[in-house]
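K.L.:
The residues making up each chain are set out below.
2 protein chains.
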Amino acid sequence: MSSIKEDIAIDPIAMVQTYGEQASACAAKLASADTEAKNAALLAIADAIDASAADLLAANAQDLKAAKHGGISDALFDRLELNDARVASMSKGLRDIAAQADPIGSLSASERQPSGLEIARMRVPLGVIGVIYESRPNVTADAAGLCLKSGNAVILRGGSEAALSNRAIAKCITQGLQSAGLPQHAVQLIATTDREAVSALLKMEEHVDVIIPRGGRGLIERISQDAKVPVIKHLDGICHVYVDAGADKEKAMAVAFNSKTYRYGICGSMETLLVAETEAASLLPELCEKFLAHGVELRGCVKTQALVQGANKATEEDWSTEYLGPILSIKIVADVSEAIDHIAQYGSGHTDAIVTSNIERSRLFVRQVDSSSVMVNAATCFADGAQYGLGAEIGISTNKMHVRGPVGTLGLTTEKYVVTGEGTIRL
Amino acid sequence: MSSIKEDIAIDPIAMVQTYGEQASACAAKLASADTEAKNAALLAIADAIDASAADLLAANAQDLKAAKHGGISDALFDRLELNDARVASMSKGLRDIAAQADPIGSLSASERQPSGLEIARMRVPLGVIGVIYESRPNVTADAAGLCLKSGNAVILRGGSEAALSNRAIAKCITQGLQSAGLPQHAVQLIATTDREAVSALLKMEEHVDVIIPRGGRGLIERISQDAKVPVIKHLDGICHVYVDAGADKEKAMAVAFNSKTYRYGICGSMETLLVAETEAASLLPELCEKFLAHGVELRGCVKTQALVQGANKATEEDWSTEYLGPILSIKIVADVSEAIDHIAQYGSGHTDAIVTSNIERSRLFVRQVDSSSVMVNAATCFADGAQYGLGAEIGISTNKMHVRGPVGTLGLTTEKYVVTGEGTIRL
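Protein chains in written order, with this note's numbering: chain A, 99 to 525; chain B, 99 to 525.
Looking at chain A on its own, in the form it has when it is part of the complex (with noise of 0.2 angstroms):
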């Protein structure tokens, strides 16, 4: 990063190769840097940005051009823009975690085995982290700074229409870091377009320990495809909200609108609504009528249509489509059983909601959904790392694998195994 210039004349495997050989050497002074020394270089970059907001603006302005020249699609512009508030809240991030408590170093209680020995556990991070994003400049920021804080070194790739201003960013962090003592190449943004250094960066596995990719489907499937590394994927979110039988109406009501509409583009929106039979009558026409007059198309099964105006047939594939738009399937279901028996089948393993004042079903419901979010009289937009108290959120993972769901600073770490005895020995 110290060097962009000269980097992106040579060759793009050498340099990711140079890369993932700083950010290794980097990292055992980092897993233990001072809780101090992190805030404060976390606190200097949000400085620095706040101070560069004119150049992170006017280097934005041109990629927002460039992309403009080529071609873009509204809401790809959308991502790609910034403006004072998104600039505001990019520092306002980092000042987050900052504040949030350092999860290195800490120590489980230790448990005393018969051989006298003392186990226990201490979280350290997980080494060098990989982050491959598209058009959002502000992942630099996000991803930079739930790094730093847990400890890890990390090399972001992002999109090449956001190249400007990445680097801008990248050069606020660049200071950030020096003014805090921390090594420079802590954090390491790739400056080529190449697609060369995202293949030798999915393949260094002896330098990079996790791979991070935030995006689209087709991202996340040819890095899943191409990586040795170990990756944390963020699939659909094919999210289902089933209001069992004898809901209260009202919250029935308010869950399902509010997972559907809060936002149609986050992956932790309703795309299938599934009702108890005994309540359908009671609750579609009513709820219906107000997604209708909201704008959202209705996909409902043959018993739906029976009973909502204008609602169009749903189809097999319906049942298996996040839309991340405003449309909506909904199926009548006879029981908690088959709502589950649905999600089983057709469920990504996201995020699924039930509305229910019946114990038993809800304990039934919870158990048996297999999704890294499970909620009960809850909406499913809350999908969401500030929503679960983490702070921030590098991504939502839908690996069972090392960690599911919103992931922030813990979930970029580990733990290792500290041993203590008094000279023991194994008999």
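Hint data in this document are derived by calculation from the structure and do not stem from the laboratory. If you're wondering where the values come from, they're calculated on a predicted model, not measured in any experiment. Check the hints yourself; a few may be wrong.
Intra- or inter-copy, both count: the list cannot distinguish identical chains.
What the hints assert, rightly or not - Capping the alpha-carbon separation at 27 angstroms, the derived lysine-lysine pairs in DSSO-like fashion look like this: (1) Lys326 / Lys166; (2) Lys326 / Lys388; (3) Lys388 / Lys401; (4) Lys301 / Lys326; (5) Lys388 / Lys347; (6) Lys347 / Lys190; (7) Lys190 / Lys388; (8) Lys331 / Lys301; (9) Lys269 / Lys166.
For this one, chain A is given, so just place chain B on it according to the hints.
P.N.:
What follows is chain B alone, placed relative to chain A:
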């Protein structure tokens, strides 16, 4: 497993595909199986093994005869062999697992968020586990027991040389599952020696959540290379003991000697002894005499050779060699920092120990050595699930992701978020 005879006649890839489907089809039932049913199955399997001891030994005798015929090494023969004590230890292992607490279904303390939501985490199984192992038949019982207790379905693929022994054990497992009313496909043994069956298993991402290989470096590297499913690796144990300046001489002698000689062939065995300059002259001549008398070959740095009669010269290669035998490399270092640097450069991140009386240097070593187990005044040969109070282990993870060190039932689980509201919506 119910139809082993037919299975071996059919296409191995189709067979493994069927096993994968059957395993994931019963995973939900296993995940919510009662602790009582799981324990009943474990005890019934243990009883069946005890009752079938004669059959097990007869099947094993056939495996041993064929192996001898094929010209097997003594070490491999020893691993393959069952006897009364080893059969008894299999059933005891299962009873120990039954006696352990059930990790599944436990809910963490919930934290209330500003939205009013209560956020907690529930411990759940990973789903379907594939275990690929070499000659030891006891892995069949151990792996089945640990997976069953942790609510996972398991697909076992043992070594071809142990085929008949493994099938005899699998028969006991099926009996036990049946008698406890658990799904028979909870434990399935791939009864073919076809390599294609393994390849298919490694790529079955839709049905298999994790692969655990048990065996030599060659097996584990081959599997890691081919796998699309995450792998919990168990690689080399290049373990160090560092004797610090001012360490108690008696403790240093005991820990160093025990770390090497408890058993040469285990991964937690010390391969390199590091000694602070200040202690070398007082410690090494006496300690090395003990090693030499015990038949341990010594390979030392130049300074060590000057102090120790009969020490050969260590080459650069020695520092990164896992001998798994009666050979020890020895290096005299300036201080704890040089020891930490040596371990970072040549160690394998498995288990490393310091013998010290100094608090600051003990803390430094524990913080900075990045190994799955870091020990203070304890012998490295303690690196073992049973010694850590895990009851049993399915392996020792040298991964950083998900789980590090000895893996018991807890390492075979993950957590999901349980989010509870009262009709709570996001504003």
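K.L.:
Run every hint past the structure and note whether it holds.
P.N.:
Right, here's what the structure says about each hint:
1. For the identical chains of this complex, Lys326 and Lys166 are neighbours neither inside a copy (36 angstroms) nor across copies (39 angstroms), given an alpha-carbon limit of 27 angstroms.
2. Proximity of Lys326 to Lys388 under the C-alpha cut-off of 27 angstroms is found in neither arrangement, the shortest distances being 48 angstroms within a copy and 45 angstroms between copies.
3. Taking identical chains as interchangeable, the C-alpha atoms of Lys388 and Lys401 lie at most 27 angstroms apart only when both belong to the same chain, with a minimum of 19 angstroms there against 83 angstroms between chains.
4. Proximity of Lys301 to Lys326 under the C-alpha cut-off of 27 angstroms is found in both arrangements, the shortest distances being 5 angstroms within a copy and 14 angstroms between copies.
5. Taking the shortest alpha-carbon separations for Lys388 and Lys347, only the intra-copy value of 14 angstroms comes in at or below 27 angstroms, while the best inter-copy value is 80 angstroms.
6. In this assembly of identical chains, the alpha carbons of Lys347 and Lys190 never lie at most 27 angstroms apart, being 39 angstroms within a copy and 55 angstroms across copies at closest.
7. Within a single copy, Lys190 and Lys388 get their C-alpha atoms no closer than 36 angstroms, and across copies no closer than 62 angstroms, so neither meets the 27 angstroms cut-off.
8. Proximity of Lys331 and Lys301 under a CA criterion of 27 angstroms is satisfied in both settings, with 16 angstroms inside one chain copy and 17 angstroms between copies.
9. For a Cα distance limit of 27 angstroms, the shortest separation of Lys269 from Lys166 inside one copy, 25 angstroms, qualifies, whereas the shortest one across copies, 67 angstroms, does not.
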